[in-house]
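**Student:** Given next are the chains, with one letter for each unit.
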Amino acid sequence: MDPTRTQGMPHNDHLLIEAFQRGDEFAFVALYNRYKGPVFAFCAKMLVDRAMAQDVMQETFVRVYENRERLLKAGSFKSWLFTIARNQCLNTLRRSKRHTNFDETVSDVDAYDGDTPFAQLLKAEQIEIVNRFLNELSPEYREVLVLREYQNLSYEEIAAVTRNSVSSVKSRLFKARRKLGQFLQPFLEPRRLSSEPVPKPPPHPTMGRLA
Amino acid sequence: MTEPLNTSTFCSDEHSEMLLNLYVDGELSSDEQAGLFGHLATCAVCRTQFNVLLAFRLALRQEAILVPLTADEAVFARIDHLRRTPRRAIDRVSERRFFGGRVHRNVPFRTAALAALVIVALGLALRFDPLPDSSTQSYHVTEAIMDDGALYVIGPGLTVEDKKLDR
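These protein sequence lines are chains A and B, in that order. With the first letter of the first sequence counted as 1, position 159 gets the number 159 in the numbering used here; the numbers rise by one all the way through. With the first letter of the second sequence counted as 1, position 83 gets the number 1083 in the numbering used here; the numbers rise by one all the way through.
The hints are simulated quantities; they were obtained by calculation from the structure and are not laboratory data. Please note: incorrect hints may appear among the correct ones.
What the hints assert, rightly or not - As a list, the in silico EDC-like pairs of lysine to aspartate or glutamate whose alpha-carbon atoms are at most 16 Å apart:
#, chain 1, residue 1, chain 2, residue 2
1, A, Lys36, A, Glu18
2, A, Lys36, B, Glu1073
3, A, Lys78, A, Glu157
4, A, Lys36, A, Asp55
5, A, Lys175, B, Glu1073
6, A, Lys170, A, Glu156
7, A, Lys179, A, Glu140
8, A, Lys170, B, Glu1014
9, A, Lys78, A, Glu156
10, A, Lys170, B, Asp1072
11, A, Lys78, A, Glu140
12, A, Lys170, A, Glu157
13, A, Lys36, B, Asp1072
14, A, Lys170, B, Asp1025
15, A, Lys175, B, Glu1014
16, A, Lys36, A, Glu59
17, A, Lys175, A, Glu140
18, A, Lys170, A, Glu140
19, A, Lys175, B, Asp1025
20, A, Lys78, A, Asp13
21, A, Lys179, B, Glu1014
Please work from the sequences and hints to get the whole structure.
**Tutor:** See below:
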């Protein structure tokens, strides 16, 4: 199977799924190419570990391939795909019994040509703060925040992925953002005079978790 | 104009805070937006929270989460392997271990056979008597002569007075 040979494939998910179910393997490749990025990003943020995210992404697409007969029954391919990825992520977190093994490797900064090294350093620091916050957040809050903020899923789509009601999604998002406010506020406050006490940054992930 | 400094972490007006969430998600109608902006003008806590949400959004867009180059190869190698192996029905239940993984040993055949025998013996011992077939059910009729006429007792469970019989 050549992952690059997807020229001339339809743009509609439904048509691709139908073609895939008829045995057209390139339709699967087209679906994979379309969704590998979002699925990997979702897993990377859920697990806060890129190596584990790669394994989970691989497992997710293998399951999609295995269960292709069930695809048409699922209303939205995207929701169905993220449901599989989400379940895999939760299983991985449960199995490893870890929430705090924060991947401290340097993230890829979306650098522009004009960025100075100093600007890149600032960006990297911001990314690290965000990742540290996500790592401290419990998975039930993390998943709604990641699906909303990184994947731009609607409330209805998040509800379908997490098997919850829309009101529950809104409520969890609300609480997750409150925790975000508590966490980020010290970083956003202006520097105080040296005589005043400097706000203590939140504790390191290994010392405790939000929620 | 100086505004009262609100030092609490959360806004006391939870409804407005919820509107703020809906606004950043693009789910707030234009009618409700006016109310939210009015609240933001007077509430420092919500303004800070708004800034936090915007800063978070900006920060997460700084990161390029690129799929590793080795990922494609690994996925398609697994799928190729899947295609080569004969397809079997996926039975996720049987893949799980008994009792949530607490029992790790396989049960020996002799123990399994003995357990099956015990279950069969118990089943035979506790079996219910089958209901008699209605087509072959027999009735007992007993005639009793009373002062006011004969009384027929037809077993099981039916008593007929002679006077009421249509003769």
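**Student:** Take the hints in turn and mark each one as holding or not.
**Tutor:** The hints, checked one at a time:
As the CA atoms of A:Lys36 and A:Glu18 are separated by approximately 19 Å, the hinted pair breaks the 16 Å bound. Between A:Lys36 and B:Glu1073, the direct Cα distance comes to roughly 13 Å. Compliance with the 16 Å bound is thereby established for this hinted pair. In summary, the hint linking A:Lys78 to A:Glu157 is supported, as the alpha carbons are separated by about 9 Å, within the 16 Å threshold. Among the hinted pairs, A:Lys36 with A:Asp55 is consistent with the structure: their alpha-carbon atoms are about 12 Å apart, no more than 16 Å.
Annotation: proposed proximity of A:Lys175 to B:Glu1073 is violated, straight-line Cα distance about 40 Å (limit 16 Å). Distance check on the hinted pair: A:Lys170 and A:Glu156 sit about 10 Å apart at the alpha-carbon level, within 16 Å; holds. This hinted pair checks out: A:Lys179 and A:Glu140 have alpha carbons roughly 13 Å apart, not beyond 16 Å. The straight-line distance between the Cα atoms of A:Lys170 and B:Glu1014 is roughly 13 Å, inside the 16 Å bound, and the hint therefore holds.
Pair hint A:Lys78 plus A:Glu156 holds up; C-alpha atoms about 12 Å apart against a cutoff of 16 Å. For the hint pairing A:Lys170 with B:Asp1072, the CA-to-CA distance comes to about 35 Å; that exceeds 16 Å, so the pair is violated. The suggested pairing of A:Lys78 with A:Glu140 is violated, with an alpha-carbon distance near 20 Å, which exceeds 16 Å. About 12 Å separates the Cα atoms of A:Lys170 and A:Glu157, which keeps this hinted pair within 16 Å; it holds.
Restraint check for A:Lys36 and B:Asp1072: the C-alpha separation of about 9 Å stays at or below 16 Å, so the hint holds. Simply put, A:Lys170 and B:Asp1025 have alpha-carbon atoms about 10 Å apart, close enough for the 16 Å limit, and the pair holds. Between A:Lys175 and B:Glu1014 the alpha-carbon distance is near 11 Å, which keeps this suggested pair within the 16 Å criterion. Our distance criterion of 16 Å between C-alpha atoms is met by A:Lys36 and A:Glu59, whose separation comes to about 12 Å.
Of the supplied pair hints, the one linking A:Lys175 and A:Glu140 holds, its CA atoms being roughly 11 Å apart against a limit of 16 Å. Pair hint A:Lys170 plus A:Glu140 holds up; C-alpha atoms about 12 Å apart against a cutoff of 16 Å. Our distance criterion of 16 Å between C-alpha atoms is met by A:Lys175 and B:Asp1025, whose separation comes to about 15 Å. Between A:Lys78 and A:Asp13, the direct Cα distance comes to roughly 9 Å. Compliance with the 16 Å bound is thereby established for this hinted pair.
A distance of roughly 15 Å separates the Cα atoms of A:Lys179 and B:Glu1014; the hinted pair therefore holds under the 16 Å criterion.
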